[in-house]
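Colleague: As a plain string of letters, each chain reads:
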Amino acid sequence: MADRVAWLAGWVLLALVMVPVALMVTALWQQSADVLSVGFLLEDPGRAGRSGGIAALLISTGWILALCLLVAVPVGLGCALYLSESLPADSRRAQWLGGVLDMLAAVPSIVYGLFGYQFFAITLGLGFSILSGALALSLMVLPLMIRSAEQAMRAVPMGYRQARDALALSRWGWVRRILLPCAAPGIAVGIILSAGRALAETAVLLFTAGYVLRRPDSLFDSGRTLSVHIYDLAMNVPGGMPRAAATAVVLVALLVVLNLLVRRVLRQPMTEALV
Amino acid sequence: MITTSSLPLSDRLLTLVLRLCGVLAALVLGGIVVVLLVQALPFLINEGAGIWQSTWQPGQGEYGMAPMIAGSLFVSVLALVLAAPVAVLLAAWLRYFAPRLRRPVLAGVELMAGIPSVVYGLWGMLVLVPWINQWVPPGASWLAGSLVLGLMIVPLALLVTDAALGQLPLRYQRAGEALALSRVGMLRRVLLPRAAPGIVGGVVLQFGRALGETMAVLMVCGNVVQWPDSVFAPVRTLTANIALEMAYATGDHRVALFASGLLLIAVTGLLLMASWRLRGVSHG
Amino acid sequence: MSEQRTHRAPSLVLESVSVTYGEQVAISDASLQVEPGELMALVGPSGCGKSSLLGAINRMSDGVSGCRVGGRIWLDGEDVRQRHDLTVLRRQVGMVFQQPNPFPLSIIDNLLFPLAEHRVPRGHRRARAEQALRDVGLWEEVKERLSRPALGLSGGQQQRLCIARALVLEPRVLLLDEPCSALDPVSSRVVEALIRSLKGRYTILMVTHNLAQARRLADSVTVCWLEGQCGCVVESNGCEQVFENPAHPITAAYCAGEAG
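Same order as they appear, the protein sequences are chains H, D and G.
Going by our numbering, the first sequence opens with residue 1, and the numbers climb by one from there.
Going by our numbering, the second sequence opens with residue 1, and the numbers climb by one from there.
Going by our numbering, the third sequence opens with residue 1, and the numbers climb by one from there.
Keep in mind the hints are simulated off the structure, nothing from the lab.
Note that the coordinates shown come from a computational prediction; the quantities given were computed from them, not determined experimentally.
Certain hints may be false.
Unchecked claim - Computed list of chain H residues with no C-beta within reach of chain D, every gap over 10 Å:
id, residue
1, 39
2, 67
3, 181
To be verified - Going by beta-carbon spacing under 8 Å, a handful of chain H positions derived as facing chain G:
id, residue
4, 88
5, 160
6, 162
7, 165
8, 169
9, 177
10, 182
What the hints assert, rightly or not - Quick list of simulated restraints, FRET-style, between CB atoms:
id, chain 1, residue 1, chain 2, residue 2, range
11, H, 19, D, 168, 28 to 36 Å
12, H, 96, G, 63, 15 to 23 Å
13, D, 178, G, 23, 35 to 43 Å
14, D, 77, H, 62, 36 to 44 Å
15, D, 37, H, 43, 40 to 48 Å
16, D, 23, H, 7, 49 to 57 Å
17, H, 3, D, 193, 17 to 25 Å
18, G, 33, H, 96, 45 to 53 Å
Think of the CB as a built atom: it goes at the ideal place given N, C-alpha and C, for glycine as much as any other residue.
Looking at chain H on its own, in the form it has when it is part of the complex (with noise of 0.2 Å):
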């Protein structure tokens, strides 16, 4: 009897956490119906983002992503790389670097907006910029990314490894024809799901990479991102919701292409075996 309430008690925590998320799919959808378009795409904003579209932020977002990668993915390969063969898994220094990672993790993404301006935009002096924004985000994506990777790594059949030493293979060898292809797959999802973060976020990005709305001519240059966009119009423009709408169902579909493609990655390596 008990399991029977239970079950359809299930039911109804489950509609409690789905309904609000389809109302808000829809509310977003229908806010910004009038302004979706191929055009919106293509266009720059204008007249501080109440018409136009979200061209000039889509390039920034680009940049911004494509430098934050830049950054995160060999850092954090190397790290990854530090922990899986440099370190033994029980080690008291592994479980201290674990530990320090998982603290990267925790801090909340404005401590690092705050972080970002003191040091990349003031210190450095690279101001409101490309730069700055693309440095604190690479910095916030590093432990996901590390995590990722060291995973993956360590993932990798241990037969490997004790053949590796059976031959005295060099461990320079060991990484580039064995290790880093063997773990690709996990590797490339560490990598799409930091852009997955890295295009999420917005906090950290408001005090380095600034606020300016037109395309950007260069790294030291401002640049807004899709999210601060939102949170702008919203915010702050009257009239700006409709276009705010507009663009967070862009950003959401960009996210589930990402979500997507993880999983497509995931599956690859079956196929992979059976070859």
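Fit chains D and G to the given chain H structure using the hints.
Modeller: Same frame as chain H, but now just chains D and G:
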């Protein structure tokens, strides 16, 4: 790996680079703390006690953060109270009552977890706040913040609970089935209590995330610096405060904001360590 | 340290070797002697440190944290533990594992990669790879598909590839850790025949659970046993001696209890 002095140059270079990378992560964490401290320390020494006052008037040198600390806590706690039971019970339900739904729902939940906080906040502004306004104005309030934040917490809390339940040895479930115990009974008496440390640890982690959340609460809480007298009153969180005022803060005002950032890092750090303890994660 | 290119397989002598992991002693006071070109079977129940002993010979155990090796190991009169260059040691002492573990590369790359790593001149690599494949009897089977993934081979073929991979570096000693136990009976026989053909050219120390296999292949046998938590050598002698006329009661019991 080989430990001989005749390692090729590429290997020695690689080892060096890797060690640098490993150190980098620690440097970043240290750097953040140091930068914040350097900015905030003089302020904390001189006016430290002032933080705990209730008046936030930077223009007049009043830096009482208490209402905002309260704002952060209240919004996060209520969000947790609303979200955690739903997430935990839903995860248990998916695993033991509706296993066929589990994969698709978890996939959907993963997607939810990736939706940016500004989008949640946007929805809050568009729909939730006006709706609450119909009942009790102004709408932008503590309740709105907790509802939106709660919705954001559910996906991750659900995933964490699912993972914790997944680690339970199968024999518990089998034993219960063999004895024809009700699943509710099994959950209450055996499964949930066993998984509790992992679940609670995960929930504590989410609490930390909630405290650190900025954009969504910024957009729906009303941002008035005050002690709320009801759930319908507008509040301002510490995080929202930084976001709002950093742009034009100077001198002591600016430094006070850094101090609040330090406070945030300290609290989330402590919560993280508590979460480690609960989940049995050893991080030295 | 210069490598001596002798064409004669070396003798392998272990003198009171012990292997300890942290607090746990895996095997202690193990002594045995393998004559040049002979195959010695290392038999005994699981857990008595046989694999650890192998690991001590090519110093794989060096990489395991907390592992200490005592005693002396002589390769043709040279103390292996005094050597500084592990690369050369592992070139001279090849190892094959219980689970076939070819690299996730193509068949030919599995052989070319170690050759490149050990700085064998480019011109010689292909020839050595082909020779190794012939030595293990795989050449005819795979010569048409050398660039296909090695993981696509059957279990028995993979194990022979692993043996080829060890042979391609032209070792003088082979350490085989239960090379057939993960294979089906047919592949097992093929690998056994291969091992038999390698006797004489290489000095071989083979761990095996299969007493009948030991009888078929070995010139001499070392029997290990567990004393409490720690392994030890009970008897070490020529093959017929050990099976027909065991000196130690444990040997007799072990051989009787296990029919193969």
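Colleague: All hints, please: hold or fail.
Modeller: To see whether the hints hold, each was checked on the structure:
1. 39: holds, 22 Å
2. 67: For residue 67(H), whose nearest Cβ neighbour in chain D is about 17 Å away, the distance exceeds 10 Å, so it holds.
3. 181: Nearest chain D Cβ is 17 Å from residue 181(H), so the label holds.
4. 88: Holds, because the Cβ-Cβ distance from residue 88(H) to chain G comes to roughly 5 Å (cut-off 8 Å).
5. 160: holds, 6 Å
6. 162: holds, 6 Å
7. 165: holds, 5 Å
8. 169: Nearest chain G Cβ about 5 Å off; hint holds.
9. 177: With Cβ-Cβ at 6 Å, under 8 Å, it holds.
10. 182: At about 6 Å, which falls below the 8 Å cut-off, the nearest Cβ of chain G leaves the hint on residue 182(H) intact, so it holds.
11. 19(H) x 168(D): 28 to 36 Å: Check passed, 30 Å falls within 28 to 36 Å.
12. 96(H) x 63(G): 15 to 23 Å: holds, 22 Å
13. 178(D) x 23(G): 35 to 43 Å: Cβ of residue 178(D) to Cβ of residue 23(G): about 40 Å, so the range 35 to 43 Å holds.
14. 77(D) x 62(H): 36 to 44 Å: Given about 39 Å between the Cβ atoms, the range holds.
15. 37(D) x 43(H): 40 to 48 Å: holds, 46 Å
16. 23(D) x 7(H): 49 to 57 Å: holds, 53 Å
17. 3(H) x 193(D): 17 to 25 Å: Since the Cβ atoms of residue 3(H) and residue 193(D) sit about 18 Å apart, the hinted range of 17 to 25 Å holds.
18. 33(G) x 96(H): 45 to 53 Å: holds, 47 Å
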